[in-house]
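Asks: From first to last, the protein sequence lines are chains X and R. Numbers given in this note's numbering equal positions in the first sequence, counted from 1, plus 16. Numbers given in this note's numbering equal positions in the second sequence, counted from 1, plus 12.
In case anyone wonders, no lab produced these hints; they're calculated from the structure. Watch out, some of these pointers could steer you wrong.
Derived contacts from chain R toward chain X, CB cut-off under 10 Å, selection only [what the hints assert, rightly or not]:
#	residue
1	710
2	725
3	729
4	736
5	1006
6	1008
7	1009
8	1010
9	1011
10	1013
11	1015
12	1019
13	1097
14	1098
In silico DSS-like pairs for lysine-lysine, Cα to Cα no more than 27 Å straight-line [unchecked claim]:
#	chain 1	residue 1	chain 2	residue 2
15	X	107	R	721
16	R	1093	X	51
17	R	728	X	88
18	X	94	R	721
19	R	1093	X	43
20	R	1094	X	43
Keep in mind the model is a prediction, meaning the values are calculated, not measured. Cβ atoms here follow ideal geometry from the backbone N, Cα and C, with glycine treated the same way.
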Amino acid sequence: MLVKQLLLTYFGGMDSVTSGEVIIDGKNISKFKKKELTKYRREDIGFVFQFYNLVPNLTALENVELATQICKHPLNPKAILEKVGLKNRLKNFPSQLSGGEQQRVAIARAIAKNPKLLLCDEPTGALDYKTGKQILQLLQDTCRKEKMTVVIITHNSALTPMADRVIHFKNGTAFDIQENPNPTPIEEIEW
Amino acid sequence: MKTALIKDGIKEIKNSYKRFISILLIVLLGVGFFAGLRAASPDMKETLDEYFDSLDVMDIQVISTLGLTDDDIEAIKNVENVSKVEGSYQTDAIVSAGDEELVVKLETFSEEINKLNLVEGKLPENQNECVVEENFLLGTDYSIGDSIKIEVENVTNDDGEEVKLLKNDEVTIVGTVKSPLYISTDRGSTKLGSGMIDYYVYIPKENINIDMYTNIYITVDGAKELNTTSNKYEDTIEAVQDDLEAISEERREARYNQLYDSANSKIQDAQKELDDEKAKAEKELEDAEKEIDDGKKEIEDGKAEIESNRNIAYSEFATAEEEIEQGKAELQTQKENFEKQKADAEKQIEEYENQLETLKQTQKQLNTLESNLSLAKETLEDLNNELENAETEEEKNAIQDQINETNIKVETLQKTIEGIENELKNQGITNISVTIKTIENGIKTAKAELASGESKIKAAEEELEAAEEELQSTKNSTYYTLNEAEEELEKAEEELKDGEKELEKARKEFEEEIEKAEEKLLNAKEDLKELERPEWYVLDRDTNTGYASYVQDTDRVASLAQVFPVVFFLVAALMSLTSMARMVEEERVQIGTFKALGYGKMQISRKYIIYALVATVVGGIIGIFIGFNLIPKIIADMYAMVYEVPEVILQFNWDIATLGIVAALICVLGSTIYTCARQLRHNPATLMRPKAPKPGKRVILEKIPFIWKRLNFTAKVTARNVFRYKKRFMMTIIGVCGCTSLIIAGFALRDSISRMIPKQYGEIDKYNIGISLKEENYGEDLSKIEEELLSHEQITNVLSVNLQSVKIIKDDNNQSIQLIVPNDITKLNEFITLRDRKNQNDTYTLDNSGVVITEKLSQLLDIKKGDTITLENSDGDRREVQVTNITENYIMHYIYMTPELYNEIFDTRIEANYVYAITNEMAEEQEDELGKTLLSNSDYISGVSFTSATEDMFATVMDNMDTVVWVLIIAAGLLALVVLYNLLNANISERIRELATIKVLGFYDNEVYSYIGRETIILTIIGILVGLFGGNVLTTYVLKTCELDMTMFDPDIQILSYILGIVITVVFAIIVNVVTYFSLKKIDMIESLKSVE
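Could you build the full structure based on these sequences and the hints that come with them?
Replies: The following block contains the structure:
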C-alpha cells in the first residue's frame, strides 16, 4: 500500500495500526476500538478525497448535509457552500458540476463537519491547473480563517512551498520535516 | 486463447460465485416451477391414458333411444378400424342394504372392454354374483360374501311385454372393483331416491333377462397407442365415429322395423280380439235388451189384460148388482102380495078351522055313535053267534032277549046317526070325513100354500142374499186376483227396471272397457305412430363425466402453469439483466482492453454468455429434475382425493424441459447479450475510462414541496436512491411482490378450503343428519315420523323437506342441482342459512315470489338476482321461475323454494321425502349408534347420512393442502431471498465507493446499514403492498382455476393470510438484511481512496 494511503488510513482513523502509536490531539487513536474510531472520524476528521467521492445521487447541498447530519456541532451547509463559492450550485447534482466545483463541494462537506483536522488526499490530483490552484486557495483560506488544521497529502512536491509544515515520506518512513515560516502564496506556486 | 477465456470464465465464476448462484437459483426456481407445473397436466393425462389403456376402456360408446341388439353389434364389428365391440346393460337400481336403501348404477361387466380393476376378491362367475365399488363396502356394513337385493323397475322387452330385468335380484358380493368409467366421485343423478347415485354395482350379463343392450362399447384399432387427450387420438376416434354414424341409419331403420312390426302385429291381434270381444259383448247386450223389451211388453199386455178384466168385472158386477136390485124389488112386491094373500088365507083358514072344529065334533059324535053302533052290532053278532051256539033255550032266550035289546039299541043308534047324517046332508055334506078331509086338506093346502109362499119369498130372499153375497165375494176375489196380478206385474216391472239398470251398468262397463281397450289400442297405435326412428348417440370418452372432469381439471392445472412461472421468469430476466449488467460494467476496463487488443465483439461477449449459459443450464437442469418429480406428484396427489386413478406417472417431458430452458436462456442470455452489446458499442477508449456515474436526478417527490420539505434528510436520500435504479426497483418489487403474493395465495388457498367445510356444515347447513324417507306420500303420518325422530334424545329439531334433482335449462348446462322445498319455511333458517356471502347479516327468507339459488350456480350459469330461469323438475316438467336471491354456499348446487310456489307452478302437491335433523354434540360411535337405531327402528327411513362424515373426508384434503402451502412458501421464500440478496449484493458492490465514503465520513455501522437498508426496506414495503394486491389477484385466479364446478372456494381472503404473507416476506427480508449488515461491516474504507475505474 502506498504511504499516502497508509497515512490517510491511520490519520483518518480508518484502521488501527498493528504496532506503534498514532497520537492526534493528544489522543492515542491507535488504541481506539472500532466504534471510538468511527466517533473520531465523525467528530474530529474532515476528509477531502482525490476523486471527491460525492454521492452522485445527492445535490451539492445534500452532499454537505450528508456529513453535517451526523455531527455534533456542524456548520451551516448553505453558508459553507456560499463560502466555497457555490451559492448558485446548491441544487445541482455532481454530474452537473465541474471537477473544481465538485472538489469544492467535497471540501465544503469536510469543513461543514467542523472537524479538528482536515485531511486532504491529493485534492488537486484530478483537477486542472487553474482549478487546482483555486482549491488550494480555498484550503489555505479555510486553514487561516477557520483556524483549522489542514493536512494535504500529495505526491506533488510542487505544493510544498504553500504549507506551514512539510513532512516528506519515502519508502514508508518520514525522512524530513521542514517548517515554512513564510509560506509562498498560492498564486506564485507553479507546477 | 480459447482455454484462456475458459479459464477466465471459471475464475470469474469462482470470484463471483454469489452472483452465479443467484442467477442459477432464480433460473432453477423459474424453470423448476415452470416445468413442474407444466408437466403436471401431461403427467396426469398420461397416467389416465395408461390406466385406460390397461383396462381397455372404450373409445366410443353407442347409445340408442330404443336399445341396441346383437345385430347392431355385428354391424358395428364390420366397421373399419373397430377393434372390439361389447354390449352392455346399464340402469339405476336400489339396493337395500340392511335398513338402508342405496341408489346404485347397475351395469353389466365385460372382460374385453371397460375391464374392471379388481381390488379385492374375484369377478362374478355366475348370475348370482356381483362386484361392487370399493367405497360400497366402506360406506355400508357389507363385506365380500354378503348378498344384496337389487330392486329394478321392470322393463319392456322387444316383444312389448313387461318383464323383470334381472333373472336373479338377490346376488352375492364376490369382490370389490374400481371402474375406469367412474373415476370421479360423481356418479350422476337419477330419478330414484334423493336423486343422487351412491355407488356402482357390476353384474354378469347372464343375469339380464332381456336381449337388449343400453350401450355398446367400442375400442378402436390404434387408439391405444395414442394419448387419449391428443388431437391424433381425437381424429382417429372421430373417423370411426363418422363411420358408425354412417351405418347407424341402416341399423336404426332395422331396429325401428323390428320394434314396429312386433308392436304392429300386437296391435293387430289386440284389435281383432277387441273387435271379437266387442261383437260378442254387444250381442249379449242386445239379447239382454231384447229380453227386457219382451218382459216389458209382457208387462204391458198383462197390464192391459188386467185392465180389461177389471172393466169386464166392473160391468158384470154392475149387471149382477142391478139384477139383484131388481130381484130385491120384485121380492118386495111378491112379499107385499104374499102378505095380502097370507092375510086372506089366514082368515079362510080360520073359517075352515072353525068349520072343521064343528065338523070334527059332529064327526066325533058320529064316530062315537058309530063305534057304539058297531059295538052294538058286534054284540049282536056275538049274541047271534052265542044263540046259534046257544045249547039251551034259556040261554037262547036270554040271548034272544039280549039280542032284542041290542037291536033296539042298534036301531036307536041308527036313527040318531041317520039324523045327523041327514042334517049333514042338508048342509051339503054327504061324507063328513071327506069333507073334513077336504077342509083339512084345504087348510092344509092353504097353510102349505102360505108356507110355500113364505118359504118361496124366503128362498127368494135367501137367493138374493146369496147372490149378493156371491157377487161380493166374486167381486172381492176378482179384485184380489186383479190386484195380485197387478202387484205381480209391478214386481215384474221393478225387476225389469233392475234388469234394465243392470243392463245399463253392463253396457256402461262394456263401453268403458271397450273404451279403455280402444284407448289402449289407440295409445298403442299412437305410440306406434309416434315410435320414432331411434336416435343413435355415438359418443366418445368426453361424455364420461369422470373422464371429462379429470381432463378439465388437468387443463386447469395447465392454465395455472401459464401464470405462476411468469413471475419467476420475469424476475429471472430482471435479475440476470442487473447481475450481468453489473458484471459487464465491472469489467468495463477489461473489455475495453480486450477490444483495444483487437478481440471481436463475439469473443469478448463469449465469456459473459458462457457464464450466463452455465448458470442457466445448470440451474435449469436442476430445476427441471426437481420440478418434474416434485410438483406433478403434489398436484396429482391432491386430485387423487377426488379421482380414482393410479399413482401419477412422472415422465420426463422433453418439450417442456426444452421450452423451460429455452425460456430461461432467452431471459438470461438475452439480458446478457443486451448488456454486452450495449457496452461493446463504445470504443475502447471510452471503455477504458471510468464510466460516468449515473447522473443524479430529481425525483417526482421533489416536485411536491409539501411532502419533500417535510422529509428529513435521510428520507430524501433514500427516496432519491429508490427511484434512481429503475431496474433494481422493478426487480425488487416484482420479487417481493411475487413472494408475498405466493405466500398469500398459499395460505388463502389453504384457508379458503379449510373454511369451506366448517362454513358449509357449520354456518350454512346447520343440520347434522340427513334422513331420506322411503316414500313420498306420508301425508298426515309425516308429523308422526317427525315426532318419532324427536323422541330420540340426541335429536333436538327436525325439518321435513322435499329433495329432488332438478335441472336449469340454460345453454347446454349439465350441472346437477338439488331442489329443496321445506315443509315449514319458518323453520328453514334453523337448518339452512340463506344469506349474502358479502354481508352475512343479510339473511333471506323464502317467499312465494321466487326461488333462492346458490352462489356458485349463479356464477356458472350467469344468473343474477331477478332473472327468470327455466326449471325442470324430476318429472321432467319445465316451468319458469324468478330468482329472488343468491345465497352463500360452498358445496353442491341447491335451489330453495316454498311448497306453495312449487305446488302453484308445477300444479301438484309436493310431499316431503327427506328430513333434516339437528342433534346434540355426538362422538363418532354415538353417531353410528344413532344411525343404526334410526334405520332399524323405523319402516320409513331408507338412509341416514351425517354431515360429520363429509367433514372427515375433507380433513384429508387439508393435509394435502398443507403440502401445497409449504411448496408455495418455500418457492416464495427462495424467490424473496434470491431477489433481495441479489439486490443488496448489487447495491453494495455498485455503491461500494459511496459506502466506503460515508464510512469515512464517520457513519456508524448501523447508520451505514440504514443508509442502504432503508432503500431495501422501502422497496420491500412497496413490494409487499403490491404483493397484497397481487396476492389477491393471484388467489382469486388460483381459486377460480382450482375449484370444481360442484364446489365454491370462499373467495374472501382472511386478514391472517395477508398478515402471514407480510410477516413471512418480512422474515425473508430480515434474513437478507442481516446478511447485508455484516457484509456492509466488512467494507474496507480504503475503497474510498481508490481511483474510479
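Asks: Please go over all the hints and tell whether each is borne out by the structure.
Replies: Hints versus structure:
no.	hint	result
1	710	8 Å, holds
2	725	5 Å, holds
3	729	6 Å, holds
4	736	5 Å, holds
5	1006	6 Å, holds
6	1008	8 Å, holds
7	1009	4 Å, holds
8	1010	7 Å, holds
9	1011	8 Å, holds
10	1013	5 Å, holds
11	1015	6 Å, holds
12	1019	7 Å, holds
13	1097	4 Å, holds
14	1098	6 Å, holds
15	X:107 with R:721	14 Å, holds
16	R:1093 with X:51	12 Å, holds
17	R:728 with X:88	21 Å, holds
18	X:94 with R:721	16 Å, holds
19	R:1093 with X:43	25 Å, holds
20	R:1094 with X:43	26 Å, holds
Hint compliance for this structure: every hint is met.
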